[in-house]
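*Asks:* What follows is each chain in one-letter form.
2 protein chains.
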Amino acid sequence: MALVTISDIRSAAGLIAPAAVRTPLLRFGDEGWDGTGGLWLKPESLQPVGAFKVRGAYHALARLPEDVRARGVVAYSSGNHAQAVAYAAKRFGVPATIVVPDTAPRVKVEATRALGAEVVLVPMALRESRAAELVASLGATLIPPFDHPDVIAGQGTVGLEVVADLPDVATVLVPVSGGGLLSGVATAVKALSPGTRVVGVEPELAGDAAASFRAGSLVRWSPADRARTIADGLRAEPSELTFAHIRAYADDLLTVSEEEIAAAVGRLAREARLVVEPSGAVAFAAALRERPAGPTAVVLSGGNVDPEVFAELVRREPSGADPRRG
Amino acid sequence: MALVTISDIRSAAGLIAPAAVRTPLLRFGDEGWDGTGGLWLKPESLQPVGAFKVRGAYHALARLPEDVRARGVVAYSSGNHAQAVAYAAKRFGVPATIVVPDTAPRVKVEATRALGAEVVLVPMALRESRAAELVASLGATLIPPFDHPDVIAGQGTVGLEVVADLPDVATVLVPVSGGGLLSGVATAVKALSPGTRVVGVEPELAGDAAASFRAGSLVRWSPADRARTIADGLRAEPSELTFAHIRAYADDLLTVSEEEIAAAVGRLAREARLVVEPSGAVAFAAALRERPAGPTAVVLSGGNVDPEVFAELVRREPSGADPRRG
Numbered sequence: 001m002a003l004v005t006i007s008d009i010r011s012a013a014g015l016i017a018p019a020a021v022r023t024p025l026l027r028f029g030d031e032g033w034d035g036t037g038g039l040w041l042k043p044e045s046l047q048p049v050g051a052f053k054v055r056g057a058y059h060a061l062a063r064l065p066e067d068v069r070a071r072g073v074v075a076y077s078s079g080n081h082a083q084a085v086a087y088a089a090k091r092f093g094v095p096a097t098i099v100v101p102d103t104a105p106r107v108k109v110e111a112t113r114a115l116g117a118e119v120v121l122v123p124m125a126l127r128e129s130r131a132a133e134l135v136a137s138l139g140a141t142l143i144p145p146f147d148h149p150d151v152i153a154g155q156g157t158v159g160l161e162v163v164a165d166l167p168d169v170a171t172v173l174v175p176v177s178g179g180g181l182l183s184g185v186a187t188a189v190k191a192l193s194p195g196t197r198v199v200g201v202e203p204e205l206a207g208d209a210a211a212s213f214r215a216g217s218l219v220r221w222s223p224a225d226r227a228r229t230i231a232d233g234l235r236a237e238p239s240e241l242t243f244a245h246i247r248a249y250a251d252d253l254l255t256v257s258e259e260e261i262a263a264a265v266g267r268l269a270r271e272a273r274l275v276v277e278p279s280g281a282v283a284f285a286a287a288l289r290e291r292p293a294g295p296t297a298v299v300l301s302g303g304n305v306d307p308e309v310f311a312e313l314v315r316r317e318p319s320g321a322d323p324r325r326g
Numbered sequence: 001m002a003l004v005t006i007s008d009i010r011s012a013a014g015l016i017a018p019a020a021v022r023t024p025l026l027r028f029g030d031e032g033w034d035g036t037g038g039l040w041l042k043p044e045s046l047q048p049v050g051a052f053k054v055r056g057a058y059h060a061l062a063r064l065p066e067d068v069r070a071r072g073v074v075a076y077s078s079g080n081h082a083q084a085v086a087y088a089a090k091r092f093g094v095p096a097t098i099v100v101p102d103t104a105p106r107v108k109v110e111a112t113r114a115l116g117a118e119v120v121l122v123p124m125a126l127r128e129s130r131a132a133e134l135v136a137s138l139g140a141t142l143i144p145p146f147d148h149p150d151v152i153a154g155q156g157t158v159g160l161e162v163v164a165d166l167p168d169v170a171t172v173l174v175p176v177s178g179g180g181l182l183s184g185v186a187t188a189v190k191a192l193s194p195g196t197r198v199v200g201v202e203p204e205l206a207g208d209a210a211a212s213f214r215a216g217s218l219v220r221w222s223p224a225d226r227a228r229t230i231a232d233g234l235r236a237e238p239s240e241l242t243f244a245h246i247r248a249y250a251d252d253l254l255t256v257s258e259e260e261i262a263a264a265v266g267r268l269a270r271e272a273r274l275v276v277e278p279s280g281a282v283a284f285a286a287a288l289r290e291r292p293a294g295p296t297a298v299v300l301s302g303g304n305v306d307p308e309v310f311a312e313l314v315r316r317e318p319s320g321a322d323p324r325r326g
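Keeping their order, the protein sequence lines are chains A and B.
At position 161 of the first sequence the residue is numbered 161 (my numbering), and the sequence of numbers has no breaks.
At position 271 of the second sequence the residue is numbered 271 (my numbering), and the sequence of numbers has no breaks.
If we strip away everything but chain A, and leave its shape as in the complex, we get (with noise of 0.2 Å):
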């Protein structure tokens, strides 16, 4: 299987800068952070649509030809790959269908909507076979959430960025889901700095890409396993295209309960003033436990998330805070 190369990647970071912020690399906790080489956070979460998924997205599209492109984008996805198919979409002038489970909150339909795009409620066990429909009766063109090399280029780009920023980085810490950015991010970081160790990060409830690693081969687990996380954006399983990267250039993969998510985007937004969605702080829950020996970038994937929920996690001082807190 050919995999994503770090040529790949740099071409990506060219083709995307006109539609996604080169998201700066902040240091966390001048105010009290231990750690012995200190912590920086990749913010994706002030990106357009406000996740990573924009890199992707945008990327896919960019390499379409003209005449392709023009027919349109069809994505299914609920969450932020639909909106970064649509803003895609939108900044390219091309038109852009998503296929939604009619279960999917409104809000974020609308969402969708507001973006120029064309909304399909279906059944959730319809999503793919309506998809398929839409490419073959439009001539669109679907656009996958992971499993793509030119979606996982678009993701990589992040790691060149951290490299240029931090180019002693020790560890980085990544969440997994279908594992399109941990692919990217890996391919990028071992390319350009080899001793630096790459590390996915699962919730304990979805760890199935963590399973997998350990097992070396991919381990299956139902939807409705994956499904018990507050972290909703890392319900996917990966491809056999991106755990192929996992495998390459991945150095360890770890899990993290739901109580240390949830503690890691109420400190996330009371002490780094980022509005991070659970999916997103997972790689920052992982470093505030691990600690990891010198300088360590942390991937926040993406910040949508309920203001009900968000509000909630704000407010809650994590068990074992610090006294200085509360």
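Take these hints with a grain of salt, some might be off.
Identical copies carry no separate label here, and so any pair may be met within one copy or between two of them.
Mimicking DMTMM-like on lysine to aspartate or glutamate, the simulated pairs with C-alpha atoms at most 25 Å apart in a straight line are [as the list claims (entries may be wrong)]:
#, residue 1, residue 2
1, Lys90, Asp165
2, Lys90, Glu204
3, Lys90, Glu271
4, Lys90, Glu260
5, Lys108, Glu271
6, Lys108, Asp225
Rather than coming from a laboratory, the hints here were simulated on the basis of the structure.
Once you've looked at the hints, dock chain B against the given chain A.
*Replies:* What follows is chain B alone, placed relative to chain A:
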């Protein structure tokens, strides 16, 4: 009176680069903003210690002769300036003594101590005299929050970056309290882009600078009047030095209501994924109401907000909210 120049600000940009974040300019509202030329956010809430204040404070320390700096620095403040001076002193490895009113929240005192500063608690009325005593007894240097050319030049680097990132910016909106930030930003923007409007924004309840601007000379409001606003970082008043810059370079000063400020904090959290304090959100509040023609940039000056207050503002739907939210 000698005013700060663009060359002072360019020099400051070089000096503060190791300690301040080059914050990105983030487009607001791909999901529905209908301003005519686009609205852009400058999130100074992402600076170390969560406020633009680190630019001016670090620059002021950087400009001290090494032997003078080594004797330490003093500041009197209970807010973001105190932590910015403590942070800058820590970066230079010199002692900082911060005189804090004994009514200050414990969390702010502890945060300042965690940055390595010595905190001296005194009754509010004795802040300035105690600071002067410390300067005399320690041989240390007082770092004022805004009434100093080096502080103004440091804050002006925000304006440099806005024009660099958005060369066709038509309007820049900036929070005003003591006026250091507006002075520096207006100086930089008018030098680089004379056709750009630079507008200060205050709470109506602490609208003394706007009243002074209209009167053409400094109008003084009582501290009790200025303390009525939720925007607790905007209760200071301009000095002769900052007012001279404002008269020379600012095009207008506007005020916003308490309700507009509260709604702005909520929208920034929900739609821009940023934790911004009420004081930091006033320029954004003005932009939402005024919808200036052409590309508009707003400075979000800080993000240090009580978690309980913030959680409430995140949850609250403003009256007249977009109907798709709620």
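*Asks:* Which hints, by number, does the structure contradict?
*Replies:* 2 and 4
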